[in-house]
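Taken in sequence, the protein lines are chains Y and B.
Residues in the first sequence are numbered from 1325 upward in steps of one, following our numbering.
Residues in the second sequence are numbered from 414 upward in steps of one, following our numbering.
Read the hints as simulated data drawn from the structure, not as lab findings.
Quantities reported herein were computed from a predicted structural model and do not represent experimental measurements.
Any given hint could turn out to be false.
To be verified - Partial list, computed: chain B residues near chain Y (C-beta under 10 Å):
{"no.": "1", "residue": "Pro580"}
{"no.": "2", "residue": "Glu582"}
{"no.": "3", "residue": "Ile583"}
{"no.": "4", "residue": "Leu584"}
{"no.": "5", "residue": "Ala586"}
{"no.": "6", "residue": "Ala587"}
{"no.": "7", "residue": "Met589"}
{"no.": "8", "residue": "Asp590"}
{"no.": "9", "residue": "Gly591"}
{"no.": "10", "residue": "Ala592"}
{"no.": "11", "residue": "Thr593"}
{"no.": "12", "residue": "Glu596"}
{"no.": "13", "residue": "His600"}
{"no.": "14", "residue": "Val601"}
{"no.": "15", "residue": "Pro604"}
{"no.": "16", "residue": "Leu607"}
Just so it is clear, CB atoms sit at the ideal spot from N, CA and C, and this is done for glycine as well.
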Amino acid sequence: MGSISLKKVTKSFGDVNVIKPIDLEIRDGEFIVFVGPSGCGKSTLLRMIAGLEDTTSGNIEIDGQDATQTPPAKRGLAMVFQSYALYPHMSVRNNIAFPLKRAKVSEDEIEKKIANAAKILNLGDYLDRKPGQLSGGQRQRVAIGRAIVRQPSAFLFDEPLSNLDASLRVNMRLEISELHKSLATTMIYVTHDQVEAMTMADRIAVFNAGIIEQVGTPLELYNNPVNKFVAGFIGSPKMNFIDFTSDEDDLTTCLGVRPEHITISKDEGIWAGTVGVIEHLGSETFLHVHVENCATFTVKAGGDCDLKYGDKVFLNAEPSKILHFDAEGLTLSKNLVNA
Amino acid sequence: MALTSGNKSKLIYTFLAWSISGLIFFPILWTVITSFKTEAEAISATPSLFMFEWTLENYRDVLARSEYFNHFWNSIVISLGSSILGLLIAIPAAWSMAFVQTKRTKNLLMWMLSTKMLPPVGVLIPIYLLFRDFGLLDTKTGLVIVMTLINLPIMVWMLYTYFREIPNEILEAARMDGATIGEEIFHVLLPIALPGIASTLLLNVILAWNEAFWTLILTAANAAPLTAFIASYSSPEGLFYAKLSAASAMAIVPILILGWFSQKQLVRGLSFGAVK
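Can you build the whole structure from these sequences, using the hints too?
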C-alpha cells in the first residue's frame, strides 16, 4: 500500500508562505511527478511528505493514517536525493545495509536483500567500493538500492538525475521507469525538467509559486492546459503566445499555438514573417520566425527543411489547435471561443 | 647570471620568512641550548651560542630534585582528559548549532567565543572559592573541569565549522533510513568529520598542556602539571637559569614533538572551511 493524501497542507518560513493550501490525492502504485520552475515549492512539499520539513498546517495521510507529526523513519517512505547523499566512509554494501541494520534485520536477511538490490541495479561488481570510487550514475544506483531494500510504501525522488550528464540521464530515466513497473510501488518524483515529467509520469502536478496549477496525465496537460502557465511549461519547445487587444465582447487576450501545430509555407498563410535562427536536430528542425508587429514564432519542421536565414515565409495554424486565454491567463473553453 | 625580478622577490620573501621563523623560534632554541650550559655559562656576560662546554648536569639535577614524571603524568591527564571531556560536550553542541539552527544560533556562537576574550583573572576569585568549597583545589579533576570550560568555546566553534561543511542531505538520508539522533551522530557525522575532530582534539591538547594561569593558581603539589614544574625553578631558591631551562625543555619537548608530527593535520584542520 502506498496512497498519500495531502489535505490543506501549507508551509511558511516566517512570513513567507512557500506552500499555499494544497490538496492532492496520490494513488497507490502511481508514478506522480511534481514539476515546476525553481522556487515553486515542489521540493519543499516532497520534504514535508518525507517528514524532513514540518508542516505549518493541514494533514498528510499515508495509507489512511495521519502522519503529519510522524518522524521521517516511521513514515515507511524512502528518499533518493539530488546529491545521492551516500555515506562516503562506507562501502556500497554498507550503504545499502545501513537502513536494514537500523531496522534490526538479521544478517542473513540483509545479505539476501543486498544481493537482490545489486542484481536489480547491476551493482554486483561494486559492492566493496566506496562511493568516491563510483561514477555519478553508479552512485545514484546505490542511492536507489538503499531505498529499495527498505521496501517502502512509496519512493520519493528529489531531482535525482540533475547531477548526471545528458546521455546518462536518459538511461537512468528509463531505469527508474522500469523499476516502477517492476516494483509497482508509489513514486513521487520532483523535477524542473518537463521532458522527464512527460516521459515518466502517470500523472503530473504542475507547481507555480506554492500552488498546484493543474494535475493530470501528461497528455491531458499537453492537450488541455488550464492556463497559460501550464500551456507554456508543458511541451518542448514551449508554446508560442500571441498577445493582442481584443474587442469588448471577446474575452480572448492571448492566443497560444504549439510549434508542432504550425505549418510553414512559402506562398500563403495567416502570418507573414522572416526566418531567423534555424536549429537542425537531424530528425526535425526548429525555426524561429519573426512576424512583424506580432511575435517571434518557434516552428517545428521536418529534418529535411531547406529554408535559410532571412527567407520570407508564411505561417499557418489549424484553428482547432489554437488555445485562447483570457486576461487572467485562464484557458477559454472551445465553446466560449466559438460563441 | 642576473636574477629575474620574479626570482628576486622570491629570494626576498624566502629570506623574510626564514628570518621571522628564526626570530619566533629563537627563544626556544636559546632555552634548549642554555639547558646544556653550566649555571656560570648561563649567566655569563658574553653568552655563547654553541662554543661552550656541553653538560647534562642540569637534567640530572632536575630529575633528581623534582618529580618530573609525576608532573608529566599530570599534564597528560589534564590535557587529554579536558580535551576528551570537551569533545563529548562540544560534539552534540556543534551538531545542534550546525544542523538544527535557530535565529539565535549565530548570537550564541559569538557569545561563546566572546567569553574567550574575558581576562581569566576576572573570574579568578569565584572559581577559587568554588574549588575550595568543593574540595577541588590541587586535584586533577578540578583542572580537567577548568580546562574543559575555558577551551569549550574554541572546540564548539571549530567543530561547528567542520560540521557546516558536511551536506545536510547525508544526515537527512540517515534520518530517513531510520537512524536515531545518536546513531546519526555516531555512525554518520563523526566518521565523516574525523579529520576535523582530530584537529580539534590536538589543538586542545596543546592549549591545555601550555596553560599556566589556572594550573599555577589551582594546584600545589599533587595535581601540578609541567607548567607548575617549570615555575617551581624560578622562585624561592633564586633564579637558576640553566636548571630552569632544562626543566622548560623537558616540559616543552613532548608537546613540540606532538605538534611536529601533527602539523599537517593541524594546518589542514585550522584552514578547513576557509576555502571550498
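Results of checking the hints against the structure:
The restraint placing B:Pro580 at the interface with chain Y holds, with a minimum CB-CB distance near 6 Å, inside the 10 Å limit. Annotation: interface hint on B:Glu582 holds; nearest CB of chain Y at approximately 4 Å, less than 10 Å. For the restraint placing B:Ile583 at the interface with chain Y, the shortest Cβ-Cβ distance is roughly 5 Å, inside the 10 Å limit, so the hint holds. For B:Leu584, the interface hint holds, the least distance from its beta-carbon to any beta-carbon of chain Y being 9 Å, beneath 10 Å.
Given the 10 Å rule on beta carbons, the hint for B:Ala586 holds: about 4 Å separates it from the nearest Cβ of chain Y. For B:Ala587, the interface hint holds, the least distance from its beta-carbon to any beta-carbon of chain Y being 7 Å, beneath 10 Å. The interface hint given for B:Met589 is met, as the beta carbon of that residue sits about 5 Å from the closest beta carbon of chain Y, less than 10 Å. Taking 10 Å as the C-beta contact cut-off toward chain Y, the hint placing B:Asp590 at the interface holds, the least distance being around 4 Å.
The restraint placing B:Gly591 at the interface with chain Y holds, with a minimum CB-CB distance near 4 Å, inside the 10 Å limit. With a cut of 10 Å, the hint placing B:Ala592 at the interface with chain Y holds, because the nearest CB-to-CB distance is about 5 Å. Given hint, B:Thr593 at the interface with chain Y, holds; its Cβ is 8 Å from that chain's nearest Cβ, closer than 10 Å. Because the closest C-beta pair between B:Glu596 and chain Y is about 7 Å apart, less than 10 Å, the hint holds.
Hint status for B:His600 relative to chain Y: holds, with the closest Cβ pair at about 8 Å, below 10 Å. The interface hint given for B:Val601 holds, since its Cβ lies 6 Å from the closest Cβ of chain Y, which is under the 10 Å cut-off. Below 10 Å, beta-carbon pairs count as interface contacts, and B:Pro604 has one with chain Y at about 4 Å; its hint therefore holds. Look at B:Leu607: its Cβ gets to within about 8 Å of chain Y, closer than 10 Å, so that hint holds up.
Violated hints are absent here; each numbered hint is respected by the structure.
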